Amino acid sequence: MANIRDQCSWVHMHEHEAATEKAKDLVRMAVAKARVIEPLKRVSLGVTSRGLVIGGGLAGITAALALAKQGFEVDLVEKNNELGGFLRKIHYTLENDDTEEYLKTMIDNVYSNELIKVFLNAKVEHVSGYVGNFKTTVSINSGSDVRRELEHGIIIVATGGEEYQPTEYLYGKDSRVLTHPELENRIMMGPTPKFGNVVMIQCVGSRNNEHPYCSRMCCGEAVKNSLKIKEKDPMANVYVLYRDMRTYGLMEEHYRRAREAGVIFIRYEEESKPKVAQTKSKGKNGLQVSVFEPTIQEDIIIDADLVVLSAAIVPSQENEKLAKMLKVPLNEDGFFLEAHAKLRPVDFATEGIFVCGMAHSPKPIRESISQAKAAVSRACTLLTKDTIEAEGIIATVNPGRCTACELCMLVCAYNAIEIEETKRGKTAKVNSALCKGCGACAATCRCSAIDVKGFTDDQINSIIVALR
Amino acid sequence: MKNVEKGWEPRILAFLCNWCSYAGADLTGISRIQYPPNVRIVRVPCSGRVNPYYIIKALQCGWDGVLVSGCHPGDCHYISGNLVARRRFAVLKDLLEYVGIEPARVNFSWVSAAEGGKFASVVTEVVNEVKALGPAKRLVKVRIEWKNLKNR
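Protein chains in written order, with this note's numbering: chain F, 1 to 468; chain G, 1 to 152.
It is worth saying that the hints were derived from the structure and are not from the lab. Incorrect hints may appear among the rest.
[Stated by the list, open to error] No more than 16 angstroms apart at the CA atoms, straight line, and that leaves these computed lysine to aspartate or glutamate pairs for EDC-like:
hint : chain 1 : residue 1 : chain 2 : residue 2
1    : F       : K104      : F       : E82
2    : G       : K118      : F       : D333
3    : F       : K453      : F       : E38
4    : F       : K275      : F       : D299
5    : G       : K118      : F       : E332
6    : F       : K228      : F       : D98
7    : F       : K117      : F       : E151
8    : G       : K57       : F       : D457
9    : F       : K327      : F       : E125
10   : F       : K89       : F       : E101
11   : G       : K57       : F       : D458
If you're wondering where the values come from, they're calculated on a predicted model, not measured in any experiment.
Let's have the full structure, built from the sequences with the hints guiding it.
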């Protein structure tokens, strides 16, 4: 392939002539390789028709149930001592769905499903194998450490995200400063309190230097909880201090409802963040929020009874370790990076591994559910097959040139090469089931005895000399 | 190197590994980040696939600079191919310097699939450095036309 769109026209948009010359060169190089390519023999491999789901939050549970519904056995690995993940902290949605009830039903369904095996307090320690035939070691900590070896054909990564623990706005120092999940707990527990003046601050820990991305669900959360407060205590005053209201899609309707219900939205700019301070007057400890409103160019001061922070969603700290084990990439923010945002949105570049939920990016409940189902339907395209054809890109040895010096064995990361005794003496031999086709051996060989199918010396050489 | 012909532009050959740097170069395009059009990209499975011979061959064929880019250490799709490449490259670079190739002509970098911006800046840097050096002539093989020799 001559990669002209992503690696030429889009990156040289203002240099028409030079880009055209480059495109011609790229075509020449592709043709030079095409002249010497040979058909690749694909090796047929069996498929273990069993799935592994890493993470027992909403996305993981949804994926496990969907896989089981398709008739496949599933191992569901959860690091905590209960299923549910982040959803445990949420009690209702913007659309007023009862998430507690939903989660409870889902978890019951998981435990009553014979096809699903749940491992709690479990961590993935090691992953080996390849599409269709993965082997994963899981350590289960329940009093004593137990290790289990799981075999499966696909992996779904659903490890979720975490809530940022704010250090700003007196959080942790004043009990009247809460995060949204804490506020929800307070709303759901016992008789409804009088809320008084509630100030919500958006983008706490999001869209800054440390976490430049938008956490996407907090605007919806703020609208949701301000509507709930207004419903429980119509006399309460709710102020939402925001940078941009991002109630995208149908959430916009609820934003409008909140404004109609009397919730006051006040914009602030990143350079002049709101200030929260403790005050003391007439022996009463107060909490005061001041915010610079850019339209009227003045500070607005609110005496608050409660300050609620929309804390960012941050990637799980274990992402890095897991990404290395699975050989899949993370994006610059630390979330798992899909193979292609539009063409392969739930796949990794590595075959047989898929991603869904907040492991991929912060997202609301409904999006996590649909992404989990998408990941399962992609996984089923593999699991429904008896055999799959493995990549034919593997190393081959020309025994006539091999001196059995064993340098290739030293650099092979998969122990796929061994020395074989033949009638004509010793020679290296590649195990085609183990070889991944990286070519480290071929580039190391002093005698050019090893070549990689699909990327042969002849083919790469043809590209190098094509423009001479 | 002073009498570089006017309007000369360096030609750089880049070997990018399939899993990180090649995907990173695609992301540069998807993000519409611009870089100089002097680079021609060759996709290889892994930076470990790049035989030192390819780099020498490229210089012989008149490429003015070479870039090899792979996954970050520890992130190699093939576990350790990029580390093999790094060791091999360090030796090659010393050798090339010994025979008179300026070190800035042969470059090695790590670019992940998420680093579209970094790929653009690596290419820009390499192009600028090679541009400052002028055309590579040290290893270029001149084809001898036997026919012409006989006629003399």
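Hint by hint, work out which the structure violates, then give me just those numbers in ascending order. Violated: none.
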